[in-house]
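Engineer: Residue numbers (this note's numbering), protein chains in the order written: chain V, 6 to 217; chain Y, 419 to 636.
No wet-lab data here; the hints were simulated from the structure. Be a bit skeptical, because a hint or two may be false.
Here are a few chain Y residues that face chain V, going by a calculated C-beta distance under 7 Å [as the list claims (entries may be wrong)]:
1. Thr423
2. Ile495
3. Pro499
4. Asn590
5. Met594
No more than 30 Å apart at the CA atoms, straight line, and that leaves these computed lysine-lysine pairs for DSBU-like [what the hints assert, rightly or not]:
6. Lys421/Y x Lys127/V
7. Lys578/Y x Lys171/V
8. Lys143/V x Lys578/Y
9. Lys127/V x Lys489/Y
10. Lys162/V x Lys550/Y
11. Lys489/Y x Lys144/V
12. Lys171/V x Lys421/Y
13. Lys489/Y x Lys171/V
14. Lys548/Y x Lys171/V
15. Lys578/Y x Lys421/Y
Quantities reported herein were computed from a predicted structural model and do not represent experimental measurements. Idealized CB from N, CA, C, for every residue including glycine.
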Amino acid sequence: MVLNKTAKETIAECAAKELHDGDVVNLGIGLPTLIPNYLEEGVNVFLQSENGFIGLGPVRGEAQPDIVNAGGQPAGIIPGGAFFDSTYSFQLIRGGHVDVTVLGGLEVDQHGNLANWMIPGKMVPGMGGAMDLVTGAKKVIVTMEHCSKKGAPKILKECRLPLTGKGVVDLIITELAVFKVTEEGLVLVELQEGVDLETVIEKTEAEFKIKN
Amino acid sequence: MSKITSYEELLQIFKDGITIMAGGFMGIGTSEVLVSALLESNVSGLTLIASDTATEGAGVGPLIVNKRVDKLIASHIGTNPETGRQMIEGDLEVELVPQGTLAERIRAGGSGLGGILTPTGVGTVVEEGKQKIEVDGREYLLEKPLRAEVAIIKAKKADKLGNLVYNQSARNFNPMMAMAADLVIAEVEEIVEVGEIDPHDVDTPGIIVDKVFLKGGK
Chain V
6 MVLNKTAKET IAECAAKELH DGDVVNLGIG LPTLIPNYLE EGVNVFLQSE
56 NGFIGLGPVR GEAQPDIVNA GGQPAGIIPG GAFFDSTYSF QLIRGGHVDV
106 TVLGGLEVDQ HGNLANWMIP GKMVPGMGGA MDLVTGAKKV IVTMEHCSKK
156 GAPKILKECR LPLTGKGVVD LIITELAVFK VTEEGLVLVE LQEGVDLETV
206 IEKTEAEFKI KN
Chain Y
419 MSKITSYEEL LQIFKDGITI MAGGFMGIGT SEVLVSALLE SNVSGLTLIA
469 SDTATEGAGV GPLIVNKRVD KLIASHIGTN PETGRQMIEG DLEVELVPQG
519 TLAERIRAGG SGLGGILTPT GVGTVVEEGK QKIEVDGREY LLEKPLRAEV
569 AIIKAKKADK LGNLVYNQSA RNFNPMMAMA ADLVIAEVEE IVEVGEIDPH
619 DVDTPGIIVD KVFLKGGK
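So that you can see chain V by itself, here it is in the shape it has in the complex (with noise of 0.2 Å):
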C-alpha cells in the first residue's frame, strides 16, 4: 500500500474508474461520497439523490435549506438538475434507470449477499433506501474496508447480520483488493498497490478464485 494514501482514498479512486461519462449514479452515506473527487477530466456523471432529485452537486453560493443530500447535509443541485417526489425516485431506482450504486458494507460474502444495514442488539439505525438500491440498481459496487476495526475479515463465506439483498453485489472495492462475484463465485480481478496475494488470502474469509 502507498504509504501517503489512506485506505479510504485507495478505495474511493478505485471506485471512480468503474464510473463512465454520463451514468447515473447513486453515492451512499460516508466513503463512496468521496468517489467524485477522483473521476477523471472529461468523465461526468450525474448523481441521483433518493430524497428526490438527479443534479446532485457541491453548494454553490449560499446553502438553500431545502436541499440536501440522502444523509440530510447540505448539497446544491446542477444546472440540468430535475427534483421529483420519493415515489418518482424510488421508480428511477427500482426500474433499472440508476447505472452504479456504490455503497458501503458490514459484511459481503461469495454469493453476492451483501449486510449493511443493522447489528441486531446493537445498531438498528433502519434501511432506509439501500434495499432500493441494491435490488434495482444496474451495478452494484461495495466499497468498504477489507477488515472490521478489530482485524476480522468482512468478506465472508455466509453473511451472519441480517442481508440488506440477496446476491445483488457485482464488486466489492477494499484497499487490499477488488473482486468481482460471478457465477462461479468471487473471483480477485486486481491487487491494491504494493499488496500482496498472501496478504488478501489472509484477511479474506470467502473462497475466490484468481482472475489469469
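Mind docking chain Y on chain V? Use the hints.
Structural biologist: Structure of chain Y alone, referenced to chain V:
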C-alpha cells in the same frame, strides 16, 4: 368555504390514538408548525408514518422525544437516537420499511390499490410474514397500502383553493401523503389568490387539500 385555517383551529383537529402521516426527509419538507400544534394539543398514543425520525430537534423528532408516538412506520431511525432507545426499551413499536416500499405503500393507499408488488426485500427479514408472488419467473413481495386519518404536509405556496407548489427537495413524501389521508393539512410560506398559480405548476391539486395554514400565522 375557506380552507385557510387558524392555529387555534389546528389545535382542535388532533385526537389521541390517531394515525398521522408527516411529509419530509430528515426534516426537510416537514411542517414544523404542525408538529408544534400536535405537541401543544397534548395528544398521545399516535401512530406515525414518516420517511425517518430526523434528529431529536428537527422534523418529527420532537414527537418521538416527547413520547407522543406508540407506533412508528419509517425507513430510517438512526439519526434520532431517542427512537432507538424507546424501541429497545419497548416503549415504541417500530416497523422498518424500505424507503421505496414506504413511498409505494402510501401511493397505493391514496390511489385505491390493494397493495404493490416489489422485489425489494426478497431474501431479507423484510419478507417475513408477507405473501410472495411470482410474476414471469421473478419473486415479489405483496406490500399492503397505508392510509392515515391526518396528513401534515409542507409546501412552499398555496392558492386559496389549496392548490400546492412544493420547493426543491422538500417535495419528497408530501404529494403521496396528501393523497392517502382523510384530512390533509398543509403549512405553506405564501398564500396567493386563485388563478395566480399557473395550472402547469400545481404539484398537488387543491381538491385533495382540506386545510391550509400560513407559516407565521400563529
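Engineer: Can you name, in rising order, the numbers of the hints this structure does not satisfy?
Structural biologist: 1, 3, 6, 7, 8, 11 and 12
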